[in-house]
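S.K.: Please build the complex by placing chain B on the supplied structure of chain A, with the hints as guidance.
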Amino acid sequence: MSETTDQPVVETPEGAGKSDMIVLEGVEKIYPGSDAPAVSQLDMAIPQGEIVMLIGPSGCGKTTTLKMINRLIEPTAGRILLDGKDVTHVNGDQLRREIGYVIQQGGLFPHFSIADNIGVVPKMLGWDKQRIRARADELLHLVGLEPSTFRDRYPRQLSGGQQQRVGVARALAADPPVMLMDEPFGAIDPITRDRLQDEFLDIQRTVGKTIAFVTHDLQEAVKLGDKIAVFATGKLEQYDDPDTILTRPANDFVSDFVGGGAAVRRLSLVELAHLELHPIETDEKAADSRNGVAVAEVDGSGKPVSWRHLPGGDAAAVPLVTVPLSGTVYDAVDVMLDGSASLVAVVDEEGRAQGVLHWNDLVGGLRTRKGHA
Amino acid sequence: MSTATQGTVNVQAEEAVEEVEGKQEGGRLARLWMQHYDLVILPVIILLLLLLLFLYISTRDLDTIEERVLAADNVAGLLRQHLWLAFLSTVLVLVIAVPLGIALSRRGARKAQGPVLAVGGFAQALPPFGVLLLMAFWLDFGVTTAVIGLTLAALLPVLRNTVIGLQQVDQSLIEAARGMGMSARQTLFRVEIPLAVPVIVAGLRVALVLNVGTATLASYIGAGGLGELVQQALRLNRINVLLVAGGIIAALALLIDWLAGVVERVVVSRSG
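The listed protein sequences derive, respectively, from chains A and B.
Numbers 9 to 381, taken from my numbering, label the letters of the first sequence in order.
Numbers 232 to 503, taken from my numbering, label the letters of the second sequence in order.
Isolated chain B, as found in the complex:
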């Protein structure tokens, strides 16, 4: 949870810098609180749930198998693997979908928009579990395949949001930019992309949360992650382990979504 609190402090500090000069420190903090107090609710709920889970488990008598599986370093290792999978695939989505979306929004390529978005929709509609398994047979079992599968499944939200984000930039602003002598490239980087960033970031948030959730399935093709914990619990028939695994996976998804939400808000407040 310390990461979460750290996040809030950072956001507040950054947004404080963003505000117009000459306002009193106290008033500024009060206003930030008024605008963003809802951000505090979710971390509190997550914290409470994890606390309850911890209290419950600590009252149980754990056998040696349970103790071994639930040992801090085992759980932490799997958590690290899980985050790595989600992070890698989201970065890949960012690197592939954003430039592709930008390319598709250029005048010459607009005709390709429909087909490409349709393929993206198709990829998203496929059940990730099936895709991961099939890809494992086709490619290989392991992290690389898992990352490729996750990337494919999460491509569409970012691609679509990039295209839409650029589309909704006021045409008159683009005209103003060109009319003042900005080249097409300058217009793209100084006007279009900055104004599309909030929408693109919203897409990335969806992709990230999707990846954090789907990464649970990566353990079935030997890529590790928190899914491993679930599998161990099921294999060993240990209900306490299953409870902890489920709790951690749910808390992680909520937490990542919350963090992405905070980042999104900072970005939106920056881009006016």
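Okay, chain A solo, but in the shape it has when bound:
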């Protein structure tokens, strides 16, 4: 299963005219009273509009690196460039107002209403009240919270997931080109975290920010990252796209860190929409042809409900399970295991069947659609 496809399926528009938004040059941090640098001689460039996941064990310097980008921690040596401009010595407070910042559990101020929390940076930038209010409403919409319900509430009246959404909205308030996120989904239950990650990717598709994102969760790094930077004790061990990190770890440290299960993790990189699926028929007349095509029974709205005919199998014995076309092979496997089904119907947004993925395809090699490889 280590080679599900011949080529990486993730889109890697390398050198596609993108300039580097964040550049670290020989950045180093030595804390007072310590001999060993927390981060040593770090060179790293984050292209505009990409999400880079900083990952590594505790004390590896990933958070220090993140906080040096907005100079919450002052680097001991080296240069930091934002959009080509050297920001190593500019006023730190001014700089931070132009960089979005999200921390664990949102870090919302309990004595500010939700709207006031979102308005913190715009207020410091001197926006007028109307504009701040309109912006808060707009962002609440963006993160899926109804403004009229939420704008006047206080953080303690919100769930953890809702608070985190507000945290993201707050970071986006002044529309900064760069966002720094420090384990934002770390303290959230797995189900909510998964949903927040999906929403986060949706939002990113709209806003296209350059994002540095610290996590300790490899699953999260693979799911969200355009690139992953693996750190070990102050050193950048590997900086590549998720697929390369998983399949070709640069050294023993990275391969240990990635650990077993890399092949399974990689499944979440393969999007179903990019795969050549087996055909599926829902037309009743097709049932007569029995030409090796799976036929599904559909309900009134065209959603498949059970199998009518399966080539080489007992259609009645196999439950019909579905997975959305927007999901990944990982989701498909999950659904198959969960439903004890050897195949899964892939459905579009309206719930109509688009194709079939067989369990055997996983070990037999997945075929990607032309133009997507």
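Please keep in mind that the hints were generated in silico from the structure rather than gathered at the bench.
C-beta: ideal position from N, C-alpha, C; glycine also.
Keep in mind that the hints are not guaranteed to be accurate.
[To be verified] Pair by pair, the computed Cβ-Cβ distance ranges are:
no.	chain 1	residue 1	chain 2	residue 2	range
1	A	P65	B	E495	41 to 51 Å
2	A	D94	B	A356	56 to 66 Å
3	A	S167	B	S500	13 to 23 Å
4	B	G492	A	D197	32 to 42 Å
5	A	T241	B	R338	23 to 33 Å
6	A	S167	B	E495	23 to 33 Å
7	B	S403	A	T241	18 to 28 Å
8	A	S167	B	R337	30 to 40 Å
9	A	A44	B	P346	28 to 38 Å
M.R.: What follows is chain B alone, placed relative to chain A:
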């Protein structure tokens, strides 16, 4: 007592404004009552005690000396002096201890926290009566000395609560504030202090009640106050006067504590 009732009405009105919009007036009042009905108990008890005292005294035959001492304007004058002493010293405590506590909680000054709090503890441990007398010999007899003595004795609770109140502010909130570009000063005034206010106010409440009680001793160094009433009663050997003096002093302390408690609750409900 009219002050007390007035206080409740004000608090309710203010908290009502505080509540989220769109709720019905009736429901809002009902909820306020559910949350704060315990606040009514103490004033009722104080009122009953004062009433009993008044009824008892009115059944007694008072001689001219007693009548003169217990005359409304004499008692009211001493009460005013007493409140003034307590108020002045509490304001001084506020002005000295809160900024000092804030300064001590800044990164550069944290090492000084231990010693300063120790000195504060020492000042509190000294018996106020002794301090007042010694200070009177050292400085002068009168109101100024009394206020200084009271201030010293009540400094610690506010100082300690200011330091603790700022310490317990979630570090991640301070980081969030700095991370969004607030300066150290903005972070202090917009995040740290507002979040520490409930704890600081609790300290001020302790200081105020302490001062109202200790101000009774101010009469011994000629600063007046309700202690004067006690002294007169003892000097003239009038048990009825002593009873009234004790009753008023106790009722005042309870009432001030109650008022401070109400204020504290408003502050807490505001700061989330």
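S.K.: Could you run down the list of hints and mark each one as holding or not?
M.R.: Here is how each hint holds up against the structure:
At about 46 Å, the CB distance of P65 (chain A) to E495 (chain B) agrees with the hint of 41 to 51 Å. One distance hint, 56 to 66 Å for the beta-carbon pair D94 (chain A) and A356 (chain B), holds here, with the actual separation near 57 Å. For S167 (chain A) and S500 (chain B), the hinted distance range of 13 to 23 Å is satisfied, since their beta carbons lie about 22 Å from each other. Checked against the hint of 32 to 42 Å, the pair G492 (chain B) and D197 (chain A) passes, with Cβ atoms roughly 39 Å apart.
Against the hinted window of 23 to 33 Å, the Cβ-Cβ separation of T241 (chain A) and R338 (chain B) comes to about 27 Å, which satisfies the hint. Restraint check, S167 (chain A) to E495 (chain B): a C-beta distance of roughly 29 Å satisfies the suggested window 23 to 33 Å. Separation of S403 (chain B) from T241 (chain A) is about 25 Å and conforms to the stated range, judged on CB atoms against 18 to 28 Å. Between S167 (chain A) and R337 (chain B) the Cβ separation comes to about 35 Å, which falls inside the hinted range of 30 to 40 Å.
Look at A44 (chain A) against P346 (chain B): about 34 Å separates their beta carbons, and that is inside 28 to 38 Å.
Checked against the numbered hints given earlier, this structure breaks none of them.
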